[in-house]
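What follows is the residue order along each chain.
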Amino acid sequence: MISQLTIIAGFREEKSYLKDAYFTRPFRLANVGQYKTDEALYLMVMSSSPGLLDKDQYDISIKLEVSTRLQLQSQAYQRLYNMQTGATQKMMIALEAGSSFSYVPHPVVPHQNSKFKGHTVIYLQQNCELLLSEIITCGRKHSGEIFRFTSFQNLTEIYYEQKLVFKDNVLLQPQQAPPGTIGQWEGYTHQGTLVYLNTGERPAQVYLDKVQQLVKEENGVSFGLSEMAVNGFVLRILGNGGEQLFNCFKRVQEALWPNNLLLKANGPAKSKAPLLIQQV
Amino acid sequence: MISQLTIIAGFREEKSYLKDAYFTRPFRLANVGQYKTDEALYLMVMSSSPGLLDKDQYDISIKLEVSTRLQLQSQAYQRLYNMQTGATQKMMIALEAGSSFSYVPHPVVPHQNSKFKGHTVIYLQQNCELLLSEIITCGRKHSGEIFRFTSFQNLTEIYYEQKLVFKDNVLLQPQQAPPGTIGQWEGYTHQGTLVYLNTGERPAQVYLDKVQQLVKEENGVSFGLSEMAVNGFVLRILGNGGEQLFNCFKRVQEALWPNNLLLKANGPAKSKAPLLIQQV
Amino acid sequence: MGSHYLSSLLHLSDPTLPIGGFSHSNGLESYVQQGTVHDAVSADNFIRSMLRNNIKYNDAAFVRLAYEAAACQDVAEIIQLDQECTALKSPKEIRQASIKLGVRLLKIFNRQTEHQLVQHYDTAIFEKEAAGHYCIAFGLYAFLMDIPAKEALLAFYYNAAVGMVTNCVKLIPLGQLDGQAILFRLHPLLQQLTEETLELKRELVGVCNIGFDIHCMQHEHLYSRLYMS
Amino acid sequence: MGSHYLSSLLHLSDPTLPIGGFSHSNGLESYVQQGTVHDAVSADNFIRSMLRNNIKYNDAAFVRLAYEAAACQDVAEIIQLDQECTALKSPKEIRQASIKLGVRLLKIFNRQTEHQLVQHYDTAIFEKEAAGHYCIAFGLYAFLMDIPAKEALLAFYYNAAVGMVTNCVKLIPLGQLDGQAILFRLHPLLQQLTEETLELKRELVGVCNIGFDIHCMQHEHLYSRLYMS
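Protein chains in written order, with numbering that gives the first Met the number 0: chain A, 0 to 279; chain B, 0 to 279; chain C, 0 to 228; chain D, 0 to 228.
These are calculated hints, taken from the structure and not from any lab test. Be a bit skeptical, because a hint or two may be false.
Just a sample of chain C residues kept apart from chain A, beta carbon distances all over 12 Å, derived [stated by the list, open to error]:
no.: 1; residue: N57
no.: 2; residue: D73
no.: 3; residue: P90
no.: 4; residue: I209
Taking CB as the label site, the calculated pair distances span [said to hold, decoys possible]:
no.: 5; chain 1: D; residue 1: T112; chain 2: C; residue 2: L170; range: 25 to 33 Å
no.: 6; chain 1: D; residue 1: E194; chain 2: B; residue 2: Q212; range: 40 to 48 Å
no.: 7; chain 1: A; residue 1: L52; chain 2: C; residue 2: K127; range: 43 to 51 Å
no.: 8; chain 1: C; residue 1: D145; chain 2: B; residue 2: Q175; range: 26 to 34 Å
no.: 9; chain 1: C; residue 1: R184; chain 2: A; residue 2: Q83; range: 38 to 46 Å
no.: 10; chain 1: A; residue 1: Q172; chain 2: C; residue 2: Q95; range: 38 to 46 Å
no.: 11; chain 1: B; residue 1: G186; chain 2: C; residue 2: K127; range: 30 to 38 Å
no.: 12; chain 1: C; residue 1: D145; chain 2: A; residue 2: Q172; range: 48 to 56 Å
no.: 13; chain 1: B; residue 1: V65; chain 2: D; residue 2: E126; range: 27 to 35 Å
no.: 14; chain 1: C; residue 1: D145; chain 2: D; residue 2: E67; range: 39 to 47 Å
Even glycine gets a Cβ: it sits at the ideal position worked out from N, Cα and C.
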């Protein structure tokens, strides 16, 4: 089944709003920002299906118009079911100048014999901010279903004005390449990657220390944090619980979201490093 | 013309003597030891020809019987004349157990267009002592004939009980490989090599210091001295005068000859290193 | 006999080229510190996984792609491959090491030869459009020096393997003979990976090795200016 | 494509093999001390003369002869070639360096492979009938690892050249890029010498280089125990 989801976020009178949306089954969309005090748009992607079934094709397209701020949320873990042919997901996110997009979805749970292929492409213009994460689990761990899926591949590409600036090609084929191997999952059952990228002028470096401290508090994980060639960083983590990694990424998101470097660019606070630390 | 020279040196009543000799034109042989006080044999190879002509083949064979001591001398510089085909020399020297052979011939002077190929093979038995040298000049230097010869090759091989223990393959083709090149004659016009080898038990090392001192006194030469894998040493020298190198080698010979390590082995003086230095 | 390219191949892949070693020593250092890599067996595992799961999909794959782009005289493609390398190498130290090696390799080889392709690539680096990754420069020169792709890849793998063995010998430390024993046993794998790289699907290029990435990042963080200040 | 032997070739001729470098640094050191070799041009001259006049007639020639003897399974010939090497190398340090490298090479490669020829050679070394020269061991293993003679020789020459360039860069000293420029320009000579070595007449094997010998001996004497006592 082909399922579509299209979101266009607009900006009007200093506020972001849902300018247009289109979705087919099982997608639904909820505006969850009613109690927020800021002027950003908060949307939750909901689904009437518990996950992707064989031959499912998700086609998601998100566009942020100039100056828009959008925080997307997922409703629940994304399950990938037993498949023959496999399921796919295409996600295209376009950020116009001065817009911010932040998305920390729930972990993906690839069940036994699932086959998934995802492709996420993000286009950034000048002065944009992006936070995007992905968490992949070994499967239904509590049922003892560990690394029984057939294959999982998710390719993420981020372009800044036509130029590829970040690429993450996650491929897991547990039967062919044991995830326990050194250099891979190394005995852990969950992996997560969070990317933060800013095409404005204020250095993302100011976040590094804070993020490092935040993640360091997690027990039983192995993680690394590194600056990108462009203005941003990558956080990679291995752990043993989906909830832990998800909450951890959420905390990183929460730490970064209110301190939008783009907004502050015109605000009164000009100091860089202490900015974040003071507020969180 | 094929020319032969055969010498057999024998030992009788504690003295070395010329047991047998055979030679053809231009060779002659003179016993030059009449005024010597020791019991060794001193022979001078003389020649009615000033040098080797085209197609000349010298065939020399020398045998030293058990315990013999023979010092061979040359009469004059060996000239190699203008040739088409080239001249050759074969020299075979066999030392029986306990014998000593010492030979420092005059320099070889290869004239313009000369072609020479020599091969010297020496066979040593136990407790033998050998001193052998070779000096090659650039030609008739005083007439300005410098490195005009076509080719000069002399191969020297020393065997100790069937095993090759020293090999020196001298090849000079001035037109093809300029002798001035680094690693070759390096601007010098004369080269000399002196080998000392002892198959007895007393280490030849005792001579190194003395020989080093002796040769160091020469001006305008470049030389090196090194121990062989067997009991002996090699002295190599580059210089600008045949007389100088010849006299230098003669002095080395004189320093070593009376101190025959073999003889002393049974004598009263048992100390090693100071042996030579005290006497010279 | 086809040895006309051999001296170029030996030169291009010479482990003593003065460009710094092709190394993933940063990640290795973290593993050694943590005790995960501590003897010949674990060193062998580390190197094999690095070759099989990382280098094959990343640096070696880019050697091949750059080689093919050079064969097509496709400068734009070479620059895009270079950008892709930068985009893929998320641990900063690894990315910077790759660029440092590449720029030095280009500097050495450019002085000796003149190739339009390299000039264009150099210009792109000067204009910061490209970075100058080692694997791209290696593939480019391999083609320009008439080295067959297969031989170039095998030499690239050998060079990577010997670099890792050297690092293991130093960091763990191991005996030289243990290091050589590891290297010997790798030969069949190097052959196999060479073949596999030539047939690698484009979509598999750049596959991530999260454990290696994390360990490289950890090394970087420990020694970064962030913590020193 | 014939790359089946390439990884073996890269390993055998790897300049980073832990055996110590194939070097004539002793002679070079004397030349540098005396000021004869003092810049890129004189370094180039030194290396070219060493390759063309010395290594071609000596070490490289013995690589070929040992290779051919191995091809004929002629142990006696291999031992005789080894003895000939000892007999020819009159400067002690050069002779000892050649043996040290050879014995280490044998130690490394013997652990990995079993060949009757090598076992016999090893026994001869143990019984002091042979010494274990690097060039002999190199030729022997080149044959046993299916490396064609021509490729083995070229790699041997490359290894010798890179060793000398490295020594020049260190001792003179030269810039790394100057060293690389010398190495680049040597490629045609390495090819040429490889061909010439394959056709070298037996009677020319071992031709003496008196200048090199003297400088090696001088180095040895300066630092020998003789003068230190």
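Consistency of the hints with the structure:
1. N57: violated, 9 Å
2. D73: holds, 16 Å
3. P90: At roughly 5 Å from the nearest Cβ of chain A, P90 of chain C sits no farther out than 12 Å, so the non-interface label is violated.
4. I209: The claim breaks: I209 of chain C does not keep its Cβ more than 12 Å from every Cβ of chain A (closest is about 5 Å).
5. D:T112 with C:L170: 25 to 33 Å: holds, 28 Å
6. D:E194 with B:Q212: 40 to 48 Å: This hint holds: roughly 47 Å between Cβ atoms.
7. A:L52 with C:K127: 43 to 51 Å: holds, 46 Å
8. C:D145 with B:Q175: 26 to 34 Å: holds, 32 Å
9. C:R184 with A:Q83: 38 to 46 Å: Taking Cβ atoms as reference, R184 of chain C and Q83 of chain A lie about 40 Å apart, which means the hint holds.
10. A:Q172 with C:Q95: 38 to 46 Å: violated, 31 Å
11. B:G186 with C:K127: 30 to 38 Å: violated, 54 Å
12. C:D145 with A:Q172: 48 to 56 Å: 37 Å Cβ-Cβ, so the 48 to 56 Å window is violated.
13. B:V65 with D:E126: 27 to 35 Å: holds, 29 Å
14. C:D145 with D:E67: 39 to 47 Å: violated, 29 Å
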